[in-house]
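A.B. asks: Please build the complete structure, drawing on both the sequences and the hints.
Number of protein chains: 2
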Amino acid sequence: MIKLDEIKTLDKQDPLHSYRDQFSLPKNTIYLDGNSLGALPTRVKQRVKAVTEQQWGEDLISSWNTHDWVSLPQQVGNKIAPVIGANPGDVICCDSISVNLFKLLSAAVQFNTSRQRNKIISSSDNFPTDLYIAQGLQGLLGSEKCHFVDVEEEQLLSQIDDSVAIVLVTEVNFRSGKRLDIAALTRKAHQHGALIIVDLAHSAGVMPIHLNDWQVDMAVGCTYKYLNGGPGAPAFVYVNRALQGRLQQPIAGWFGHRSPFEFSPHYVADTGIKQFLAGTPSVISMAAVDAALELFADLDLQSVRTKSLQLGSLFDELIEQHGLQDKLQRLSPTEPEQRGSQLSYAFDYAYELCQALIDRGVIADFRAPNYIRFGFAPLYNSFEDIWHAVQAINDVIASEAYKEPRWSKRQAVT
Amino acid sequence: MIKLDEIKTLDKQDPLHSYRDQFSLPKNTIYLDGNSLGALPTRVKQRVKAVTEQQWGEDLISSWNTHDWVSLPQQVGNKIAPVIGANPGDVICCDSISVNLFKLLSAAVQFNTSRQRNKIISSSDNFPTDLYIAQGLQGLLGSEKCHFVDVEEEQLLSQIDDSVAIVLVTEVNFRSGKRLDIAALTRKAHQHGALIIVDLAHSAGVMPIHLNDWQVDMAVGCTYKYLNGGPGAPAFVYVNRALQGRLQQPIAGWFGHRSPFEFSPHYVADTGIKQFLAGTPSVISMAAVDAALELFADLDLQSVRTKSLQLGSLFDELIEQHGLQDKLQRLSPTEPEQRGSQLSYAFDYAYELCQALIDRGVIADFRAPNYIRFGFAPLYNSFEDIWHAVQAINDVIASEAYKEPRWSKRQAVT
Chain V
1 MIKLDEIKTL
11 DKQDPLHSYR
21 DQFSLPKNTI
31 YLDGNSLGAL
41 PTRVKQRVKA
51 VTEQQWGEDL
61 ISSWNTHDWV
71 SLPQQVGNKI
81 APVIGANPGD
91 VICCDSISVN
101 LFKLLSAAVQ
111 FNTSRQRNKI
121 ISSSDNFPTD
131 LYIAQGLQGL
141 LGSEKCHFVD
151 VEEEQLLSQI
161 DDSVAIVLVT
171 EVNFRSGKRL
181 DIAALTRKAH
191 QHGALIIVDL
201 AHSAGVMPIH
211 LNDWQVDMAV
221 GCTYKYLNGG
231 PGAPAFVYVN
241 RALQGRLQQP
251 IAGWFGHRSP
261 FEFSPHYVAD
271 TGIKQFLAGT
281 PSVISMAAVD
291 AALELFADLD
301 LQSVRTKSLQ
311 LGSLFDELIE
321 QHGLQDKLQR
331 LSPTEPEQRG
341 SQLSYAFDYA
351 YELCQALIDR
361 GVIADFRAPN
371 YIRFGFAPLY
381 NSFEDIWHAV
391 QAINDVIASE
401 AYKEPRWSKR
411 QAVT
Chain E
1 MIKLDEIKTL
11 DKQDPLHSYR
21 DQFSLPKNTI
31 YLDGNSLGAL
41 PTRVKQRVKA
51 VTEQQWGEDL
61 ISSWNTHDWV
71 SLPQQVGNKI
81 APVIGANPGD
91 VICCDSISVN
101 LFKLLSAAVQ
111 FNTSRQRNKI
121 ISSSDNFPTD
131 LYIAQGLQGL
141 LGSEKCHFVD
151 VEEEQLLSQI
161 DDSVAIVLVT
171 EVNFRSGKRL
181 DIAALTRKAH
191 QHGALIIVDL
201 AHSAGVMPIH
211 LNDWQVDMAV
221 GCTYKYLNGG
231 PGAPAFVYVN
241 RALQGRLQQP
251 IAGWFGHRSP
261 FEFSPHYVAD
271 TGIKQFLAGT
281 PSVISMAAVD
291 AALELFADLD
301 LQSVRTKSLQ
311 LGSLFDELIE
321 QHGLQDKLQR
331 LSPTEPEQRG
341 SQLSYAFDYA
351 YELCQALIDR
361 GVIADFRAPN
371 YIRFGFAPLY
381 NSFEDIWHAV
391 QAINDVIASE
401 AYKEPRWSKR
411 QAVT
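Here the protein sequences line up with chains V and E, keeping their order.
Reminder that position 28 of the first sequence reads as 28 in our numbering, one-by-one numbering, no gaps.
Reminder that position 383 of the second sequence reads as 383 in our numbering, one-by-one numbering, no gaps.
Derived by calculation from the structure, the hints in this document are not laboratory data.
Yeah, the Cβ is synthetic: ideal placement off N, Cα and C, and Gly gets one too.
Check the hints yourself; a few may be wrong.
Unchecked claim - Restraint ranges, calculated between C-beta atoms of paired labels, are given here:
1) E:Q248 / V:A50: 40 to 48 Å
2) V:G361 / E:A50: 21 to 29 Å
3) V:K49 / E:A184: 42 to 50 Å
4) V:A50 / E:R115: 54 to 62 Å
5) E:D11 / V:T66: 25 to 33 Å
6) E:H192 / V:N87: 45 to 53 Å
7) V:G193 / E:H192: 43 to 51 Å
C.D. replies: The structure is reproduced here in C-alpha cells:
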C-alpha cells in the first residue's frame, strides 16, 4: 500500500526536482501530455520576445548575420546531437518530420534500391505520417522502384531480408508506448544490406539514445514533445557521417546548396548535413527550440530515464492499488524497460474519461478509437502528480462521471 | 528640381500614411529592404506573446482545439487569398517556398507529363531555389519523365510549345525587379497544354495579383517579405479550384490526410487545398503571419501599387537629380509598370556601398556579385525616406567612402 507521504519523499529525493521550476506550468493542472506537446520552459518566453522584438524588430535584415540566424539550423542540431548520441555536425534542425522523412526516404531509395532490392518495410502500427510518406513516395516513383510493405510490429525483425532496401521504424510506438530494440533492428538491417531510418519522436529527450553506437543510418525526430520546443516546432534530421556526401535528397532548396549566397542557377549540394536543409529556416520557431534545448546542456539522460520509469511504475502500481486494472486495459508492455515514457489503456469510454479528467485538472490524451495515453515528462512531472492523477481517474471511474452526456467530440493532435 | 518640401507634401497627402504607425521600426533607420525581410507589425508582438505564454504555456495541448491551432493553415490561407486574387479555400499556409514548389512540381509532373511532353521550363534568372527544386525533382525522377530546361527570361514566352508540361516562373525577378506578364504567360502555356506555376515571393502584398482571373494553375509565395510575417515565416500554396482533388502531391504527411485524427495506416488525400499540407503546422511562426495579415484586411492593393510606383519613380528621379545615373547602372526596367517594388543597380563596389549606407542608417541589400537592391514597402516607407536615402547614396559615392578598407565580406539573405 503506497502512501502519499512516501511519494512526497520521492519528490524530495528526486535529483531532477529543480527542473520543474524552469517551466511555466498552469496552476491546478497535472499535465500528463508532454508526449504530445511539451510544456513551456520559462526561458523560451524571453527568447521569443527577444528574437521578435529586438532581432527582427530592431535589427531587421542584419540579424541574419549579427544574430547568426543563418546558422540556427546547425546550432540547434548541435544541441540535439548529444541528446540522441550523435556527433556535432551530424544533426540539423528544419522542417517537419513528414518533410524530413520524405528527404531521407527519397535519398535512401536512390542510394540503396535495385531490381532485386526495392522494399521499404515498416510496422503497420508506426505513426501514420511515417507510413503515409512512404506511400506518397511509392506513388511518385512507382512500386517497381519503391515498394512499400507494412507488417505487424512483432514481425518486423524477422521480415528483414535481402529484398529490403530500407527499414523505417519509430523507436517508441505512439499508441502503445512500446519501445523497439533499435540496435537489434539496425544489426539485422545491415546484415541484409538494408539501411535503417529511425523516427525518434517519442524518445528524444526522455531516454538515452545511441545513434552512433548503434550505427543507425538516418533518423528524424520531433522537438515539440519531450524537447519542449513549442507547438509544431521544427523537427530534426540525423545522417550518419559515413553516408553524408554520398546521398542526394531531392527537395534541393537553396539552404542545402554548398554556396547559397552565390545565387548560382545550378544546384550543388552541400557535402555535409546542411544538404538536408531546403528553404529559409523558420527563425522564431527555431529560436524557441534553441532556448528550450538549453535545459538539456548538463542533463544526464540516464537519470531522466530512471525517473521516467519510476513515474510509470508508480502510475501502474497506483492503478492496481485502486483496483482499476480490470477496467483500464493496459496496451503498454508490462516490463518497464520495454516502454517509452507513457502508459496507454483501452477503455470503452476513453474519450469521455479524458474529458472528465480535464474537468478535474488532469490532462491526458485521447486517441481514436478508444484509448487514453498518459505521458510522463521527468523534467516537470512530480511523483505527487501521479498520485493525484490516479486519484482523479479512480474518482471518475468509481462515480461513472464519464457517462455524463455533455462531452462533445473533439479532435486530438499528437 | 525636386525639393524636400514637395516630398513632405507627398507624405501628408499619402492615403497609406497611417499604416507606418502600425509598424515597430528602429529609430534613425531608413529601411529599404522590405523585399528581403518585411518590418515588424506592432500587433505581431502581442500575438506572439499570447500564443507563447497563454496558449502554449497555460492552455497547452487543448489549444489545438480551443484556439483552433489545427485550422491555422486554412485561416491564414483565407487571409492571403484576397491579396493574390484567389478565393477562400484555394490557398493554404505551410512549409517553405522550396518545399511547396516540390509538392506542386511533383503533382504537376504526375498530372501533365507524357513521353512527348516532359519539359519543365523556367528562366535561368529565376530565383535559384526555384531552379534547384526543379533540378532536384529531375534528379529523382530522371530526365525522361521530367526534363528541366532554363532559358533567358526574354525567351520564355516564345519557348513555350507542345513539349512543355510545366512553366515555372516568378512574377517579379528578385535581381532586376522586372515584372513578367503572368496573364500572357498563362495564356500561352494553356494554348500549348502546359500548366503554369507562379512564384509570388516578390509580388504578394505589394501589387494587385489576379490568380483566378488570369487562370493560373498553381502558385507559391512568401509571407516574410511584403506580407511582414517574420523571418523564415511559413509560405503559401495556391491551387486552382479546377485542379484540386485531381492532383496527388507526394509529401503525403498526416495533415494532408482527409481524416488525420483517425490515425488510419492508409493515406487518403484530402480533396481540397488541405492535401498540400504535410506535417504539423509551425504554430508560433504561423500565428505571427496571421497577425501580420490583419493589416491587409481593408487594404486597397491598387493604392499600394500606386504608392510603390511613386516611391520607385521618385528614387529614380533623385538618382538623376544627383547625377548618379552614370555611376549606378540600373538593372531594373525603365518603365515603372514593368517593375515590381524595387530598383537594382550594378556598381563595382556594391557590397561596400551597401555597408557604407548601413553606417548612415540606410538599409539596402547587396547581391553577389556586384549589385545593390532598394526595396519599397508602401506600408511603412515614406517619400521622405527616399529623399534621405538618395542623399546618403550621393554622400557615399561623392566622398568615395565606399573605398574604406574596413568592410568585411558578409553573407546576404533574401
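A.B. asks: Go ahead and decide if the range 43 to 51 Å is satisfied by the Cβ distance of V:G193 to E:H192.
C.D. replies: Since V:G193 and E:H192 have Cβ atoms about 46 Å apart, the given range 43 to 51 Å holds.
A.B. asks: Confirm or reject the claim that E:Q248 and V:A50 have a C-beta distance inside 40 to 48 Å.
C.D. replies: holds (42 Å)
A.B. asks: Look at the Cβ atoms of E:H192 and V:N87 and judge whether their distance stays inside 45 to 53 Å.
C.D. replies: holds (52 Å)
A.B. asks: State, for the Cβ atoms of V:A50 and E:R115, whether the hinted interval 54 to 62 Å holds or is violated.
C.D. replies: Given a distance of about 56 Å, which is inside 54 to 62 Å, the answer is holds.
A.B. asks: So the hint says 25 to 33 Å: do the beta-carbon atoms of E:D11 and V:T66 match that?
C.D. replies: The hinted range 25 to 33 Å holds for E:D11 and V:T66, with Cβ atoms some 30 Å apart.
A.B. asks: Is the hinted range of 42 to 50 Å satisfied by the C-beta distance from V:K49 to E:A184?
C.D. replies: Because 47 Å falls inside the window, the suggested range holds.
A.B. asks: Does the Cβ distance between V:G361 and E:A50 fall inside 21 to 29 Å?
C.D. replies: Holds - the Cβ-Cβ distance for V:G361 and E:A50, about 22 Å, lies within 21 to 29 Å.
The structure is consistent with each of the numbered hints, conforming to all of them.
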